[in-house]
Amino acid sequence: MNKLLSPDKSTVLFLGNEAIARGALEAGLAVATGYPGTPSSEVIESLAGVAARRNLYVEWSVNEKVALEVAAAASFSGLRAMAVMKQNGVNVASDFLLHLIASGTRGGLVLVSCEDPGALSSVNEGESRYFARMLEMPLLEPADFQEAKDLTKWAFELSEEIRNVVMLRSVTRMSHASGNVVCAKLPTKSRRAKFEYDGPVMDSQTGPMISTPVVAKHRLHQEKLKTVEALFEKSPFNRYSGPAKPKLLVVTSSVCFLYVREALSMLELERDVGILKLATTWPLPPRLLERNLKRAEKILVVEEVLPFLEENVKVLASAMAGRIGVKTFFGKYDGTLPAAGELNPDIVARAIGGIMKVKPKTPPASYLAEVKKAAALIPAREQTFCAGCPHRASFWNIRRAIALDGREGFVCGDIGCYSMAALSPATGYNTMPTLHSMGSGTGLAGGFAKLSAFGLGKPVMAVCGDSTFYHAVIPALINAQHNRADITFIVLDNAGTAMTGFQPHPGLPVSALKETVPAVDIACVCRGIGAKVAVADPFDIDGTSKILTDYLAEKGSVKVLILRQACALSPEKKGKKTFDVRVNEELCLGDACGCNRLCTRVFRCPALTWDSARKKAVVDEVICAGCGVCVSICPQNAIVKAQGNM
Amino acid sequence: MKKRKPAKILNLILTGVGGQGNVMASRVLAGMLVDAGYVVTIGETFGMSQRGGSVMSHLRVSPDEVKSPQIPAWGADVIVALEPLEALRVLGVYGNPDVCVLSNTRPVYPIGVITGELGYPSREIIMEKFSLLAASAWMIDATDAGVRLGNPVLSNIVMIGALAETGLVPFNRGMFAKEIKKTLPPDKIFINMKAFDEGRAMIRQGPVALKNL
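Sequences listed follow chains Z and E, in order. If you're matching positions, the first sequence starts at 0 in numbering that gives the first Met the number 0 and goes up one per residue. If you're matching positions, the second sequence starts at 0 in numbering that gives the first Met the number 0 and goes up one per residue.
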């Protein structure tokens with residue numbers, strides 16, 4: 000049995016994201032959409048796995064804005080729907096979101112944002128909680144796994160109560176952590192879709208779904224927020240724990256609640272410090288805050304990343320200052336807690352310990368001295384392209400072409416595993432001086448290409464992954480073609496959304512529900528806008544380098560090279576070796592070769608190591624994926640391959 | 000087999016390098032412990048963080064309460080390492096004089112070592128550091144056992160079998176068999192049970208076992 004369908008009252012170990020998915024199922028979800036992004040992807044993946052059994056429609060949408068639009072259509076037709084994304088996905092969806100909140104919704108609609116404090120798997124530390132305030136949208140933040148399920152379920156009810164979208168925010172340490180969850184009943188009835196639009200314009204349940212008349216609808220929405228506030232005042236998800244009159248009150252939300260509880264236990268301050276854990280973080284319920292802020296003179300707000308809660312608590316506290324008295328606030332503004340990066344129990348313990356003048360316990364000094372000595376011996380372990388990764392071969396080709404061209408060409412980067420080419424340890428040949436949001440590499444390249452009139456004569460390239468191509472590159476590519484920007488645009492097509500776990504995308508003939516669907520061919524799209532297109536295998540070093548060298552020499556507009564080779568971790572490749580690769584020790588000259596250890600110093604495949612005793616390159620057969628690319632790079636032809644197990 | 004029943008919280012860190020099966024091992028362990036009635040919290044990161052980098056799963060086994068998914072500094076009771084350098088790295092942050100370490104012997108060299116910019120400590124030095132920083136330590140050739148069984152990634156199950164035999168965490172062979180039946184396809188059960196038994200045997204025979212210090 001799929002554990003997402005566990006029976007009523009059973010205790011199951013759920014990933015935070017699975018708990019969110021289960022909560023949605025218990026609420027009677029009909030439609031779920033999303034775009035893959037760490038740490039959000041498992042919500043949609045797990046729902047797709049039970050779609051047939053629960054009669055759901057689940058899709059991987061082309062991007063987050065479209066995901067929210069598809070989910071909203073279900074809501075407009077009276078069904079319960081959910082759109083799921085990572086933090087920066089909310090930015091992508093935000094234009095539609097602004098107008099959606101103005102029009103209102105019908106069936107419960109929940110926007111789930113899974114965020115990444117500390118940027119563990121992101122190139123930003125974005126905060127989408129401010130969207131809740133800016134766009135006036137109720138915000139819920141679960142503090143443990145049970146709450147992740149229960150709050151999600153309640154979010155649908157709340158959405159139907161106010162007939163508008165509700166946002167649920169999780170973080171990596173919740174979404175990708177796991178814990179015990181007690182399941183409740185799954186509903187047995189399902190709703191029929193029905194879309195009405197002939198009623199009065201101000202009636203969001205029968206009239207047209209539009210944001211106009213704008214000011215009148217805005218006022219109506221703000222009245223609904225009063226209902227939200229009243230419901231939040233009574234919410235059992237907001238809880239105070241601790242002494243009636245604590246020496247310090249900690250106000251917190253999300254996984255930070257677990258850090259605070261841990262910190263108090265580390266410092267043995269449970270009887271001195273109280274915790275107000277808030278699950279409903281916008282709009283804040285003022286009476287609940289007033290009752291609790293009265294408890295203590297010192298207040299610490301613990302949250303990730305920006306001081307969103309701190310600001311909102313302070314605004315309320317200033318309005319009720321006459322009734323709650325003078326307070327001293329600690330948090331991000333005064334530097335008690337860091338204003339960037341994720342928190343953990345130790346950081347929180349130091350902050351609370353600092354205020355309460357208590358030091359966290361540490362091992363004896365003699366132990367710490369040994370730790371220090373050992374630490375000096377531990378080499379860093381940087382992220383890198385996996386053994387057999389097509390990106391290593393692609394960037395090797397790009398670097399060769401740039402070197403042969405001789406005009407210091409450069410590559411505008413994009414979002415995917417290939418972003419690692421911007422980090423020098425990943426490869427010895429980083430060529431990627433820009434890295435921003437999805438699709439931005441192509442937009443930037445188009446911009447750089449127009450600067451030749453101002454003296455920037457370097458050839459400009461851009462890379463993107465196959466999923467990224469559909470998500471946000473197409474407008475930038477059309478822009479470059481239409482405005483005659485001379486760029487070499489390279490699609491690193493590894494046959495799936497590899498970084499987040501091989502979710503399908505519009506280029507593949509399979510959907511999230513494993514149905515056969517039409518594949519939208521990247522080459523056809525590029526030819527359709529009038530660009531020149533070639534397709535190659537990045538493992539074919541000579542063939543690929545020749546195309547790239549020709550492209551760089553060619554004046555004109557957009558030249559597209561699609562480099563096709565599946566990810567080494569993809570299900571069809573994992574565990575299979577195309578080639579058995581080894582080093583012929585008689586041919587490897589080691590340090591005596593003029594290559595200066597090109598294979599291990601520059602190519603940097605984790606499977607190609609250096610035996611420092613024998614001064615020869617060695618293939619680690621346990622790590623080697625058998626791609627055979629290294630065979631092409633050794634000037635001595637000392638790396639040899641034989642047919643593998645594929 | 001002696002068993003340590005956590006009357007209070009047991010903090011276990013499973014560490015290794017991306018791709019070694021860390022996440023699968025932590026799920027299997029946690030699944031058994033949830034069935035045994037414990038409240039288990041696992042903290043881990045995956046996604047791009049696993050591409051060749053160090054990975055860690057924090058398992059917190061509590062009789063009654065959800066815990067922070069991040070174990071506090073110096074707070075590990077048990078460290079299970081699929082790669083020896085990573086055991087040392089984790090000891091440097093979560094170690095304490097009472098911690099027990101179970102480590103694979105086989106190195107996965109970091110890129111900085113491959114390029115020649117950084118050095119990798121010898122097995123003897125790693126063992127010496129374990130003896131200085133842990134109350135007990137075991138080192139076993141789990142990857143070699145995995146290779147013998149046909150797939151090096153089975154090393155994670157070899158380590159779980161070894162962990163069962165140490166008695167540091169309250170689970171046994173029967174619980175493991177029950178757990179993998181829930182999550183693995185039937186044709187994978189036999190080889191995983193073999194890997195588990197291989198790990199148990201390695202601790203019993205103590206071929207490379209450091210010692211109970």
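Some clues are possibly wrong.
[Unchecked claim] Covered by chain E, per the in silico footprint, the following chain Z stretches (three or more residues, Cβ under 8 Å):
no.	stretch
1	166-178
2	251-259
3	591-600
Treat the hints as calculated values from the structure; they're not laboratory data. Each residue gets a CB set at the ideal place from its N, CA and C atoms; glycine is no exception.
Against the structure, the hints come out as follows:
1. Taking a C-beta to C-beta cut-off of 8 Å, the stretch 166-178 of chain Z contributes 7 residues in contact with chain E, enough for the three needed, and the coverage statement holds.
2. With 3 residues having a Cβ less than 8 Å from any Cβ of chain E, the stretch 251-259 of chain Z passes the three-residue criterion, so the hint holds.
3. Given a C-beta distance limit of less than 8 Å, the hint that chain E covers the stretch 591-600 of chain Z holds, as 3 residues qualify and 3 suffice.
When each numbered hint is compared with the structure, no violation occurs for any of them.
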